[in-house]
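Q: Each chain, written out:
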Amino acid sequence: MRGAAERHRGRLSILTRLQLGLEALYRVDTRLDVEAFVIDERQRQESGVARAPREQLLVSESGDELSMALFVDAKAIETLERHDPASGLHGENFADFCIALEGVSHFVYLALCAAGERRVSALELELQAEVDKFACCVLLDPAAEGLRRRLFRDVRFAEDLEPHERERYRTANDEADRYAGALERQFVAEDRLSEMLADLRRFYRLGLSEKLAHISRATR
Amino acid sequence: MDLGGSVEEFFRDEVDKAFRDRGLTAGALTEHYLVQLLATYAAQPIQAEPLALKMLEAVEATPRERRTQLREIGDTSLFVSGFWTESLADKLVDVDYYIDLGGTAYGELARGGTGWTGDPFGDVFGELAENFARFVEVLMVISRRTTHVANNEDVVRLYQRWQRTKSRWAAARLAALGVIPGRGDGRPQ
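Chains as they are written, first to last, in my numbering: chain A, -10 to 209; chain B, 184 to 372.
Hints are computed from structural coordinates only; laboratory data are not their basis. A hint or two may mislead.
[What the hints assert, rightly or not] Derived CB-CB ranges, DEER-like:
| hint | chain 1 | residue 1 | chain 2 | residue 2 | range |
| --- | --- | --- | --- | --- | --- |
| 1 | A | ASP180 | B | ARG203 | 32 to 38 Å |
| 2 | A | ARG145 | B | PHE193 | 24 to 30 Å |
| 3 | B | VAL242 | A | ALA75 | 53 to 59 Å |
| 4 | A | LEU128 | B | ASP204 | 55 to 61 Å |
| 5 | B | PHE193 | A | PRO131 | 27 to 33 Å |
For glycine and all other residues, C-beta sits at the position ideal for the given N, C-alpha and C.
Start from the sequences and build out the full structure, keeping to the hints where you can.
A: Laid out in structure tokens, this is it:
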């Protein structure tokens, strides 16, 4: 309940601010507080996870009930508290910002899908998270140079991923890069950010197949 | 120059045009898969090991290796039968063999399903297995446009093969080239 206490003190946690930022960006409302779902390293280990990346959304289904728990590396949170992303993204905080945002993105998207009783695949979650990272980075600094290279091309996937997991991340990465390229050309370069937001909001509400078709149309 | 990106963009356009040419539709993820397959084979040689042996090995393999091997069998079968059809003209195994083998491999992969954290291409494999021959046609269209136009010798070889095997694929291919086989007298129309 760390988040609730911080809200009472009038100071929002970094994860809550990311959640509220995403919800404002897409005009959605999960009616949940991400902080109530955050677990630490010990709790994650107790859950028996096979892998331990720096950000992880744990999901379990029991009957009609979906349980979620979000782990974000404490060092990433500390970095973001020292180097507030709202004051700018740079070498000190860029990677940790992406880690924290990815976790919160998964949390928000899955919560909304669950509320709408819509099934979602891990590929759809990953694709949306990659798009969310691009959108948030552009909104924080529309003139940022080499953003797509840093987000989508200078990436390395963990060595211990299963082949299908690697393909999932690669597909999400490649498709998000294509979409981001189209957004850059059509909107960012033309200084039409409000139209970019409209496109991003439409994209957010699509299922996986429709998202991929949207990207194909956007890049034609 | 980002060569990888441009090769993919090239094949994306080609796949898109080929689907339109053939009046076919496929899931967006399936189109993505085909583009990646073509871009991959454009940059790497096809392994020499016979696919039938690989299929036998896959039966004994761990789940992780099995997926890799089945996918390689499906992908190679699709690519060879669609893109290098002419190279199969005088071989003992023909396109129908690859269609059977590739369809079986993709079908096995599809059994794994997509699920929540399952294979991202589970549904794609199902679509490829179910319509393998139609995807071969799509790749044939791309091959024709991007490699070479069949010459008269190719047509004669193809016709001879159709006479020998009565392959449905060869008949379709001849029809695509404007030579319609099969009014009973064994002569081209």
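Q: State for each hint whether it applies.
A: Evaluation of the provided hints:
1. A:ASP180 / B:ARG203: 32 to 38 Å: holds (35 Å)
2. A:ARG145 / B:PHE193: 24 to 30 Å: Hint holds: Cβ distance 26 Å, inside 24 to 30 Å.
3. B:VAL242 / A:ALA75: 53 to 59 Å: holds (56 Å)
4. A:LEU128 / B:ASP204: 55 to 61 Å: violated (41 Å)
5. B:PHE193 / A:PRO131: 27 to 33 Å: holds (31 Å)
Of the numbered hints given earlier, the model fails hint 4 alone.
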